[in-house]
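Novice: Quick mapping for you: the protein sequence lines, in order, are chains A and B. Position one of the first sequence corresponds to residue 537 (this note's numbering), numbered consecutively onward. Position one of the second sequence corresponds to residue 537 (this note's numbering), numbered consecutively onward.
No lab work stands behind these hints: they were computed from the structure. Check the hints yourself; a few may be wrong.
Below, a sample of chain B positions facing chain A; criterion: calculated Cβ distance under 8 Å [unchecked claim]:
| hint | residue |
| --- | --- |
| 1 | I612 |
| 2 | V710 |
| 3 | V978 |
A few chain B residues that don't get close to chain A, going by computed Cβ distances all over 10 Å [said to hold, decoys possible]:
| hint | residue |
| --- | --- |
| 4 | K555 |
| 5 | K704 |
| 6 | S763 |
| 7 | N767 |
| 8 | L769 |
| 9 | Y803 |
| 10 | D828 |
| 11 | S859 |
| 12 | K873 |
| 13 | Q925 |
| 14 | G970 |
| 15 | E1014 |
All of these numbers come straight from a predicted model, not from anything done at the bench. Ideal Cβ positions, reconstructed from N, Cα and C, are used throughout, including at glycine.
Protein chains: 2
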Amino acid sequence: MENIKNYHMSSEEFRKQGKQMIDWIADYYENVEKYPVLSQVKPGEITEQLPLNAPEVSESMDQIMTDVNAIIMPGITHWQSPNFFAFFPSNSSGPSVLGDLLSSGLGVQGMIWATSPACTELETRVLDWLAGMLQLPEQFKSTSTGGAVIQDTASSAALSAILAAREKKTNYQVNESGCSGNLVAYISSQTHSSLEKAIKIAGIGKNNLRLIGVDEKLAMRVDLLESAIENDLQNGLIPFFVCATVGSTSTNAIDPLIEIGNICRKYDLWMHIDAAMSGTAAICPEYRHFLDGIELADSFSFNPHKWMFTNFDCNCFFVADRSVLIKTLSILPEYLKNQATESGAVIDYRDWHIQLGRRFRSLKLWFVIRHYGVSGLRYHISEHVRIAQEFAEWVRTSADFDLVAPAPLNLVCFAHKNGNDFNRKLLETINAEGTMYFTHTVVNGNYVLRMCIGQTNTKEEHVRQAWETIQETAKKLES
Amino acid sequence: MENIKNYHMSSEEFRKQGKQMIDWIADYYENVEKYPVLSQVKPGEITEQLPLNAPEVSESMDQIMTDVNAIIMPGITHWQSPNFFAFFPSNSSGPSVLGDLLSSGLGVQGMIWATSPACTELETRVLDWLAGMLQLPEQFKSTSTGGAVIQDTASSAALSAILAAREKKTNYQVNESGCSGNLVAYISSQTHSSLEKAIKIAGIGKNNLRLIGVDEKLAMRVDLLESAIENDLQNGLIPFFVCATVGSTSTNAIDPLIEIGNICRKYDLWMHIDAAMSGTAAICPEYRHFLDGIELADSFSFNPHKWMFTNFDCNCFFVADRSVLIKTLSILPEYLKNQATESGAVIDYRDWHIQLGRRFRSLKLWFVIRHYGVSGLRYHISEHVRIAQEFAEWVRTSADFDLVAPAPLNLVCFAHKNGNDFNRKLLETINAEGTMYFTHTVVNGNYVLRMCIGQTNTKEEHVRQAWETIQETAKKLES
Chain A
537 MENIKNYHMS SEEFRKQGKQ MIDWIADYYE NVEKYPVLSQ VKPGEITEQL PLNAPEVSES
597 MDQIMTDVNA IIMPGITHWQ SPNFFAFFPS NSSGPSVLGD LLSSGLGVQG MIWATSPACT
657 ELETRVLDWL AGMLQLPEQF KSTSTGGAVI QDTASSAALS AILAAREKKT NYQVNESGCS
717 GNLVAYISSQ THSSLEKAIK IAGIGKNNLR LIGVDEKLAM RVDLLESAIE NDLQNGLIPF
777 FVCATVGSTS TNAIDPLIEI GNICRKYDLW MHIDAAMSGT AAICPEYRHF LDGIELADSF
837 SFNPHKWMFT NFDCNCFFVA DRSVLIKTLS ILPEYLKNQA TESGAVIDYR DWHIQLGRRF
897 RSLKLWFVIR HYGVSGLRYH ISEHVRIAQE FAEWVRTSAD FDLVAPAPLN LVCFAHKNGN
957 DFNRKLLETI NAEGTMYFTH TVVNGNYVLR MCIGQTNTKE EHVRQAWETI QETAKKLES
Chain B
537 MENIKNYHMS SEEFRKQGKQ MIDWIADYYE NVEKYPVLSQ VKPGEITEQL PLNAPEVSES
597 MDQIMTDVNA IIMPGITHWQ SPNFFAFFPS NSSGPSVLGD LLSSGLGVQG MIWATSPACT
657 ELETRVLDWL AGMLQLPEQF KSTSTGGAVI QDTASSAALS AILAAREKKT NYQVNESGCS
717 GNLVAYISSQ THSSLEKAIK IAGIGKNNLR LIGVDEKLAM RVDLLESAIE NDLQNGLIPF
777 FVCATVGSTS TNAIDPLIEI GNICRKYDLW MHIDAAMSGT AAICPEYRHF LDGIELADSF
837 SFNPHKWMFT NFDCNCFFVA DRSVLIKTLS ILPEYLKNQA TESGAVIDYR DWHIQLGRRF
897 RSLKLWFVIR HYGVSGLRYH ISEHVRIAQE FAEWVRTSAD FDLVAPAPLN LVCFAHKNGN
957 DFNRKLLETI NAEGTMYFTH TVVNGNYVLR MCIGQTNTKE EHVRQAWETI QETAKKLES
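Pulled out of the complex, with its shape left as it was, chain A reads as follows (with noise of 0.2 Å):
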């Protein structure tokens, strides 16, 4: 006889138990701006509330929860906080969490087209969709040469442009015989620090990256990237890579796409366009401008997850050229072999990223876009766009700050004239205060605040109340 014991949760106690996680998740947006938006605990103050070793026996949902409210939500900084204008956000939505939870139950693991027809044919159709909603060109589409993959983040998203540039650029010899030292890569100084992770990764090596000079905009100087590369060239080295970005993470600055690609084409490098949150803009006519060269890139991505209310996560990575990617991403063992892959009728997109396994990614994606409808989305983003350029009018006529970046979009770098040790100061007094979160950079050695405005709930008020709070901070700390 079959021994009965049954530890796993009941359906009913999964009912019960869920409802109320949707009632806790509701209550919380709802009073999410009553928590201090950083948190302000102190480095091990979360970890000595915890045991130091597993239960032995099972505790019940009501004890969980309780130290969730107790232990964690203090350690919790507050990403969906109207009130977060740090970094870049990683905003979310009802649709998203509600596609995010339906991907979580169906518990579908998409490696291959097979293990779930529908993860990667409704992944297709969505990035299709967004390829639409972009207007990117045509060869971004899986209906012509190229297409795309739902991957985690701009970081994958980047190592794995700059592999398959690797192997278009070696006939696809580094897969085989490794790198051999030669290879050099192209971004510009205020280019996300991913980029110089990935060019490690795979085995380039940080001295055969060229970090090219800005100009006052801190875009990339083309002169510098064409001088750089006839100069590697004279040396005997091969060009292969250079990363344009539009918007880049401490400044937003955006580079001369149309620029850098012409010169990418006249040497054949690959051209990577990163625009991890700025890229959502150019669903808006009145922001796709932004993108405008994008039709001599080889690949392209931008994050929902950032700034179209797609909880993380989820990047969407476009390639011009499927064919590359696949070519240097493609493993198939036997397990894995099936008909569907034989035939060739079929996207297999555990060979467009760096993983094997993969969530159903695309359904939050769906929910979000078919919830909202492209006019809800570009009604948002635009809204996001028109109060950072307020609070940069309220910036640019303030006798005490100055704006030290030109503000293109949803990002405002400003400083007070006070100079960094106040601006440093008045950073850390606020954030400390917590009715609000924003981050620093550095531009030309000086210490800059940011305030980026994307998270899903901020509006006019929580900007308006942002600037008071940093005026009145900044006349207290004078005083």
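On the provided structure of chain A, position chain B as indicated by the hints.
Specialist: What follows is chain B alone, placed relative to chain A:
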């Protein structure tokens, strides 16, 4: 005045739709056995039902869920069916789905300690719990020299191990100057394909990866490993990395950890242990011996998302010396600098993996371990092994089928005596009927059937029914 249009889902709507989604998932689990386990759709069948373009205006959740039921569900291969015996499982459970829902709701991005201290500190503590549950040596705990991190998949963990090994062996010079083509890595012919992929990604090159032969149990032959190392050394190459497998994907073969570990210590090579599925078994004292020798390893990874009731994705990657991993993957741009990081008192997990951004994945693991308790987890894992061993015994005593590899745990590899074409036909016929789903591998040139028993709700009755189906279908095909 502020424009007050709002396309966000209201709190009331979220509560209503969320509770309906919970019921939808509970209903799904109650009825999961009614679906064909392997989706029966043809390539393109889902795609052609999806609109070509994104909707311009908002659609209701009712419309969306109607399409989930009508379009998506026929394209699902049911990984959460108790009749899923394919590949390795990717099992889930009620507490895991709830923990993942909480993670989605909080929407935390835990790239550094400050962006949610609880996300980092809970992860560290829960992974120390797991180290205890698995009786790992002290050095794999955060309280000693090592520690652990949740990654997405074993592929990413293997890549991280290779990178750390690469940098340690070269005194961090590949990160600086790139690969130089003389590093050599060793796996067996049975090692997971992700290792080959990672070796390519890391710029080492497939030609510098030695596939060591295996013995009659399909375990790595240590004599061949050592002679390969000696041969490479004599040729001026630099051996740096060995991956040992506990439970190969093809047949669940178990490499001799102690012997491999001794060789790694003798030649100063990084030893990584990939125990993606089978590592979970080591929480049961009776199966802990499969990890004997781990005290010699530098890194170890296993996936609670395979066989520990924690929904995808959740890989746990342990290292004996965290400083090597961090030094390999650390990047600190200005915009991520903060007091906590600079104090050195905290872990910033972005330095432990490829990506920068990260989800709050320890919540679901914490929920699972607390809901089941260690004893509950042990019970269900032991049950799966017990049932698999029964299945193996049925095969062993059958007149028509043979076991074709040892079945140390929950994977049974077997074949009908009628040969390759018959076994292929048998597999395809059964999978097309939809009452169960299993997959194949090739062993010594022979097409072999795999039954992997690890789905959360798989009970003896399901496996007994599967065996009857296999026998009856074979008889039908013979007649």
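Novice: Does the claim that B:S859 lies outside the interface with chain A hold up, using a Cβ gap greater than 10 Å?
Specialist: holds, 17 Å
Novice: Is the Cβ of B:K555 farther than 10 Å from every Cβ of chain A?
Specialist: violated, 5 Å
Novice: Minimum Cβ distance from B:V710 to chain A below 8 Å?
Specialist: This interface hint holds because 6 Å falls under the 8 Å limit.
Novice: Looking at B:K704 again, its CB stays over 10 Å from all of chain A?
Specialist: holds, 14 Å
Novice: Closest CB-CB distance from B:L769 to chain A, is it above 10 Å?
Specialist: The assertion about B:L769 holds, with a minimum of 18 Å to chain A.
Novice: Regarding the assertion that B:D828 does not contact chain A, is the least Cβ-Cβ distance greater than 10 Å?
Specialist: holds, 22 Å
Novice: Go through the hint on B:V978 and say holds or violated, using the shortest Cβ distance to chain A against 8 Å.
Specialist: holds, 4 Å
Novice: Could you check that no beta carbon of chain A comes within 10 Å of the beta carbon of B:E1014?
Specialist: Its Cβ never comes within 10 Å of chain A, the nearest being 23 Å, so this holds.
Novice: Closest CB-CB distance from B:K873 to chain A, is it above 10 Å?
Specialist: violated, 8 Å
Novice: Verify that the Cβ of B:N767 lies farther than 10 Å from every Cβ atom of chain A, and report whether the claim holds or is violated.
Specialist: holds, 18 Å
Novice: Does the no-contact call for B:Q925 survive, Cβ to all of chain A over 10 Å?
Specialist: The claim holds: B:Q925 sits with its nearest Cβ about 14 Å from chain A, beyond 10 Å.
Novice: Report holds if the minimum CB distance from B:Y803 to chain A is greater than 10 Å, and violated otherwise.
Specialist: holds, 20 Å
Hints 4, 12 from the list above are not met by this structure, while the remaining hints are.
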